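Visitor: Following the hints, position chains B, C and D against chain A.
4 protein chains.
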Amino acid sequence: MVMNRKRHFFSASDARTDLALEAHEMHSGQGGVPGVHISEQKMPDATVTRVNISSPQGEEMLGKPQGNYITIEARGLRERNRQLQERIAAIFAEELQRLMPQQDRLRIFVVGLGNWNATPDALGPQVVSNLLITRHLHDDVPTDVQGGLRSVCAIAPGVLGLTGIETGEIIMGIVQQIKPDIVIAVDALAARHVDRIFTTIQISDTGISPGSGVGHKRVGINQQTLSIPVLAVGVPTVVHAVTIASNTVELLVKQLRREEQAFYEIIAEMGEQDQQRLINEVLTPAVGSLMVTPKEIDVYIEDFAKVVAGGMNIAFHPGIDSEQAFSYLN
Amino acid sequence: MVMNRKRHFFSASDARTDLALEAHEMHSGQGGVPGVHISEQKMPDATVTRVNISSPQGEEMLGKPQGNYITIEARGLRERNRQLQERIAAIFAEELQRLMPQQDRLRIFVVGLGNWNATPDALGPQVVSNLLITRHLHDDVPTDVQGGLRSVCAIAPGVLGLTGIETGEIIMGIVQQIKPDIVIAVDALAARHVDRIFTTIQISDTGISPGSGVGHKRVGINQQTLSIPVLAVGVPTVVHAVTIASNTVELLVKQLRREEQAFYEIIAEMGEQDQQRLINEVLTPAVGSLMVTPKEIDVYIEDFAKVVAGGMNIAFHPGIDSEQAFSYLN
Amino acid sequence: MVMNRKRHFFSASDARTDLALEAHEMHSGQGGVPGVHISEQKMPDATVTRVNISSPQGEEMLGKPQGNYITIEARGLRERNRQLQERIAAIFAEELQRLMPQQDRLRIFVVGLGNWNATPDALGPQVVSNLLITRHLHDDVPTDVQGGLRSVCAIAPGVLGLTGIETGEIIMGIVQQIKPDIVIAVDALAARHVDRIFTTIQISDTGISPGSGVGHKRVGINQQTLSIPVLAVGVPTVVHAVTIASNTVELLVKQLRREEQAFYEIIAEMGEQDQQRLINEVLTPAVGSLMVTPKEIDVYIEDFAKVVAGGMNIAFHPGIDSEQAFSYLN
Amino acid sequence: MVMNRKRHFFSASDARTDLALEAHEMHSGQGGVPGVHISEQKMPDATVTRVNISSPQGEEMLGKPQGNYITIEARGLRERNRQLQERIAAIFAEELQRLMPQQDRLRIFVVGLGNWNATPDALGPQVVSNLLITRHLHDDVPTDVQGGLRSVCAIAPGVLGLTGIETGEIIMGIVQQIKPDIVIAVDALAARHVDRIFTTIQISDTGISPGSGVGHKRVGINQQTLSIPVLAVGVPTVVHAVTIASNTVELLVKQLRREEQAFYEIIAEMGEQDQQRLINEVLTPAVGSLMVTPKEIDVYIEDFAKVVAGGMNIAFHPGIDSEQAFSYLN
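Protein chains in written order, with this note's numbering: chain A, 1 to 330; chain B, 1 to 330; chain C, 1 to 330; chain D, 1 to 330.
Worth double-checking, as some hints may not be accurate.
The list cannot tell twin chains apart, which means a pair is met if one copy fits it or any two copies do.
Quick list of in silico lysine to aspartate or glutamate cross-link-like pairs, EDC-like style, CA-CA up to 20 Å [as the list claims (entries may be wrong)]:
#, residue 1, residue 2
1, Lys42, Asp205
2, Lys306, Glu323
3, Lys306, Glu86
4, Lys179, Asp45
5, Lys179, Glu169
6, Lys42, Glu60
7, Lys179, Glu86
8, Lys42, Glu25
9, Lys179, Asp321
10, Lys179, Glu59
11, Lys306, Glu94
12, Lys42, Glu302
13, Lys179, Glu60
14, Lys306, Asp104
15, Lys179, Glu25
In short, the hints are calculated from the structure, not lab data. On a predicted model such as this, the values are computed, not experimentally measured, just so you know.
Pulled out of the complex, with its shape left as it was, chain A reads as follows (with noise of 0.2 Å):
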């Protein structure tokens, strides 16, 4: 079945993918996916894409449990300006307030996921270092400040590979000693499009499932095994190759299904500039020499966790605003 067939170059598990909005994307030539919701809003500096998903069908089709998925796409993020990146953690501090229970005593506990020593995995344990840490000052502060500033608390634990213990495990057992009211863990992601890379924020009220993210976390991280809600905040930083080679093949098929023609004769007609441009279409827009994940991976990391810790300082704490929100970042 021809449906059947195309199925296989666009299943979900060839494109590795943790963006909810690419999983959709994926599916979206087909008509829409019943019980997925998705919309768009363009600002000036960023795009803002919500995508729903409310059934059992749009969770197996698109891969990504039952919840809420915000996606704030900027490409201007890659030129390193500080100014816009103020404005899109602003725009991101909105949008994960979204999601937060609206309610002024909220203890925050911040999980960042991720092993510091893996460049692309470090975005979790950048974004700790750079929050505004308030739990421990919490009780010597007067009443009327204690509106402004919520108490926040946070670590990174490192990976299975270096701990010998499950992430989920160590994150149960603070929860259980300190009791916070909700968890966001911050996580590096990987997706199928190398423009998604070091240009995007997610965040959702699923939580983070097992085998998510960069380093693949086994066990989950999530409402059911927390009992309090959970949301999670990623940034894509990698793709996968077998997702650059799969593309490949992908577009390959797609010019072919268009032209009707036998491949052989098309790949032996066309010059090596035709095949350099579909090549280049597969990886392009690209970071710089694109190497999967951009050669200047360190800077981009850094960059982004000043992004989404500024955005987090400004969620967290309505009694401080933008300017200093960033004015605690390492």
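Guide: Positioned in the frame of chain A, the structure of chains B, C and D alone reads:
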């Protein structure tokens, strides 16, 4: 009262040492402390000193909880010689094993205290990153190999100022979740004399008391709080500046008492060289151009993290030899 | 012309390999290249291949300057085993010595190309930081010891984007000032196949050509520009993403030519597993969950920096043995 | 001779300060030094002091070459407030411009002295990594934009122990190659008083003398050696431990002279609190739990690197404003 006055210059609060050995030295001139036993063993590369505190009086005078304190001193460790480092690691492994429960199956949880981002306090996290971690592999390993590889897991939770959570709370939560048989806490220490910096390893079976270590923990990590045995491993990486000044005054007074002269006269008559010699007596033997932490602290921290982690790998896993123990180091 | 069409898929510009061995492989199906000689030596731990390019035609076809290229391949290097690393370092040292002038007194200047802050490009600086540096001590050393320790100095000047100065200009200025006998430039390389990443060391006596290496130098660092012999040592740390896609297409075409069928039929008939196998053929053997650079690139860079620096310490200083050579590593 | 004896306590060699301001303070009680002029300007956020040494006698007494020394002191810099940092950077930029040649086209070469891997000595390299580098882009830039962006290049060559080459030799070689109009050398300094650590920036038009700075350069980097103007920018990051002890003794003696009593009596009568106060007088105001370098040195180094680099970006490029100057910081 002279005795009383004298105590001013020797009080434990001035001294700010985390080493039981140094705390004992401060009282050694007074004919020993009741309930404190000390023995020394000289080896070619190192001197091992064992201090046992077994009375409340000893506890109070030395300012250290009752228990065993083993100190390994090796000046050669500053020379950055790998062979010597491996020999010291083997001695450390042997002493560590003395204080560990003598049982084959022992699930070990190592806690690296301190702060990745403050070099003098980064020892604990760096040790953790050099350990051979096995807990997550353990179920997959054949039983006969399991005999040679104990279950080891580890975490470097970060410091209160960065997490907002007392390290004791974090460890308690994780211990209740994963139920290890023993906790081994690794920390950077403050010494009283500069010649102990980066030459010394202390092991104790008392755990970590509140307020000790370079990072000043406020909650204890010990058998009382965790209900399992807790060993503490520490390496002096700093002398507090106040200790330097205190030592200076103390030495002047000693000098004075000996000479029985008016101080001004002495000072006035002392030439520049004499004064320099006096000050050098306080500060020598120094590490390079000493700045209380040596300028080269970054490399010393790295070296000691390898010695401690290498020794732990030997002590934890009966099935691997010294050569292998160092193969896992970063 | 078929020959011409075929070249499209095999052109040096597509391949983007810095390895002469790979450049040669791309032409090996065509019955050899005139003026290019290749020989292979299999050892228990490694395979050493020697490529000699001695004709302008070979130079043009392989896209590499005339000279000698020695490649040491050792898959085991990914296993992070220190003993194996030391054995490979000894092999590397021997091959490096073959290309060095055979004279006792040799003042060596090592240049670590690349960028501290971009992990895939950090090999050169990390090698420099692990070398045994002697030039500044040399005048103080007795003559008989000088025989065992050659004069070695080194610099990691940083990349054009960070300094604003061509690396070639910096090196030229320093060479004219300190007048060494030989320059050895160390750099991270791009390979064509993923199985060459972090398994391979290349040594050549051609120096560094403009545009080669991960960081794309624009000015050559070679005998023409510096008037002294220049060796280049390189380790592939990345495959360009464009190469991955290019390899994918190429493999499809090869498959097609063999089968002599219409491509669409093949693709249409291929099940998902067949396609996956095809793509895996492009990408396997991969390092972990391959992202063109492995996620664990930080630790591999560190490992290789030690192998290369350890081997250089052996090759440079006849008076120190293998064990000592590694004692100086950070 | 009393005068002579007194000098013992105030000799430049004891003081080990790289700040002309402190060197001057040590002589200020003596009614001024001939040929040394000093003026102070108090601002809301900072105090700017200008010391001019114009006589050989002043040069000898202060232990600093003849020339201008501008010191910007701002206690607030320890509070890690970004807005304040930007205001201080603007003040620094203005003072730096005073000492720079007043010409539009000025090709500037910045040298970051010190050692990436020794935190107290890492200021210079970190400043370099935060500069807006333009030299390599300059030929591509339209002439009208060139007016706003001067040609800036930079290097952090590393220290003698790591390179085997005197920093002076490296700089000389590069200067002869690229022929800049001015060299600006940035270095970490040693102060005499702990309250100058991480509160102070010194600018001078004398370049770097042999033996100054935390890393003890042996060859000067100044107009005599390079034949072009050389400015030096320094930030005190340490007090030598010997200075701490020296200060302690000095203070005791001062106390003694005032009281005109026998020292032993004073000491004997002093309670513990009095002594503590005395010592605290030596060490206060201290940064946190002072260890001569503050434990949090890593973050302070990062902050100051940004202040210095941000100020340089403003001073170097007339076409960019303060906000933009900080956009380029890592």
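Visitor: Kindly indicate which numbered hints from before are broken by the structure, ordering the numbers from low to high.
Guide: Violated hints: 1, 4, 6, 7, 9, 10, 12, 13, 14 and 15; rest satisfied.
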